[in-house]
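So the chains spell out like this:
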Amino acid sequence: MSAQTLPVIDLVHPLPGFPDDRRFALVDLDGSGQLCSLTSLDHDDLRFLVAPPNTFFPDYTPEIDDATIADLDISSVEDVMVLVVLNPGETLLTSTANLKAPVVLNTANRRACQVIVDDADLSVSAPLSA
Amino acid sequence: MLVLSRRVGESVVIGDDITITILEVRSDGIRVGIDAPRSVAVHRAELLVELEASNRDAASPSDAKISSLAEELRRRKR
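If you're matching them up, the sequences are chains A and B in order.
When you line the first sequence up against this note's numbering, it's residues 1 to 130, in that order.
When you line the second sequence up against this note's numbering, it's residues 1 to 78, in that order.
Read the hints as simulated data drawn from the structure, not as lab findings.
A virtual CB, placed ideally from N, CA and C, is assigned to each residue, including glycine.
Please note that the accuracy of each hint is not assured.
Claimed, not checked - Stretch by stretch, here's where chain B covers chain A in the computed footprint (C-beta under 8 Å, at least three residues):
hint	region
1	40 to 53
2	66 to 80
Claimed, not checked - Result set (SDA-like, lysine to any residue): computed pairs, CA atoms no more than 25 Å apart in a straight line:
hint	chain 1	residue 1	chain 2	residue 2
3	B	K65	A	D28
4	B	K65	B	E46
5	B	K65	A	L92
6	B	K65	A	A120
7	B	K65	A	L46
8	B	K65	B	E50
9	B	K65	A	V12
10	B	K65	A	N54
11	B	K65	A	G89
12	B	K65	B	N55
13	B	K65	A	G17
14	B	K65	A	S75
15	B	K65	A	F57
Stated by the list, open to error - If the Cβ cut is set under 8 Å, some of the chain A residues that face chain B in the computed set are:
hint	residue
16	P16
17	Q34
18	L86
Put together the whole structure using the sequences plus the hints.
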């Protein structure tokens, strides 16, 4: 699998469930950035499949709260990259995305965190088939 | 765990800048107001549990699964 690896991403808060992993690499898995992995640099075998949401959820525009903007030291909207964590099934139809808790990345300083969006309509396991 | 009894309208202060106020007691639960700095994340515990479970489910998918999804995505885009 060819992979273009971006510099180290620093999770300012670890992913819930994975308190010991703070340094990740964002790896482009398909050459177009539509499918990426967040690969832990702290544990060899830990990675998450992530994707920019617009491919699957064109209307998805999560609101990023002030605390996150402060935590990630975001100064410009253009620096913000939103990724959703995918829970892959055997096919795209059986795969889901976590829209409730996107990973927000400040590309300027490579600080990131998984944010809980305060919207009861968003699910942690939204079908990709949408 | 510190256990306190509070009446409606009474508060508990945590540290210098977090205040928790009991707003209302109903038959099926209580309403709590939380006044905290924006830098302090306040979340429902069950949501964090759900998020942890979802992250664990999503962790470390196999190469085969990722390859087949990437291939499916490429075909779909054509």
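* Would you check the hint for K65/B and G17/A, treating anything up to 25 Å between C-alpha atoms as holding? => 22 Å, holds
* Verify the proposed pairing of K65/B with N54/A, using a straight-line Cα cut of 25 Å. => 21 Å, holds
* **Pairwise hint evaluation, G89/A against K65/B, where the allowed Cα distance is 25 Å at most** => 7 Å, holds
* Quick one, are K65/B and E46/B close enough, alpha carbons at most 25 Å? -> Given that 25 Å is the threshold and the Cα spacing comes to 30 Å, the pair is violated.
* To do: May I ask you to test the interface hint for Q34/A with respect to chain B, counting a Cβ-Cβ separation under 8 Å as satisfied?
  => Holds. Min distance 6 Å.
* Agreement of K65/B and A120/A with the hint, judged by alpha carbon distance not exceeding 25 Å -> 30 Å, violated
* Does the alpha-carbon distance linking K65/B and L46/A stay inside the 25 Å limit? -> Distance ~15 Å between K65/B and L46/A Cα, so the pair holds.
* Given pair status - D28/A, K65/B, alpha carbons within 25 Å -> With Cα atoms ~16 Å apart, K65/B and D28/A stay inside 25 Å; holds.
* Stated coverage of the region 66 to 80 of chain A by chain B [criterion: 3+ residues, CB within 8 Å] -> holds (count 4)
* To do: Decide if the proposed pair is consistent with the structure: K65/B and F57/A, CA atoms, cutoff 25 Å inclusive.
  => With Cα atoms ~21 Å apart, K65/B and F57/A stay inside 25 Å; holds.
* Given the hint that K65/B pairs with S75/A, test it: the Cα-Cα distance must not exceed 25 Å. => 37 Å, violated
* To do: With chain B as the partner, please determine if P16/A meets the hint condition of a C-beta pair closer than 8 Å.
  => Since the shortest Cβ distance to chain B is 5 Å, the answer is holds.
The earlier numbered hints that this structure contradicts are 4, 6, 9, 14.
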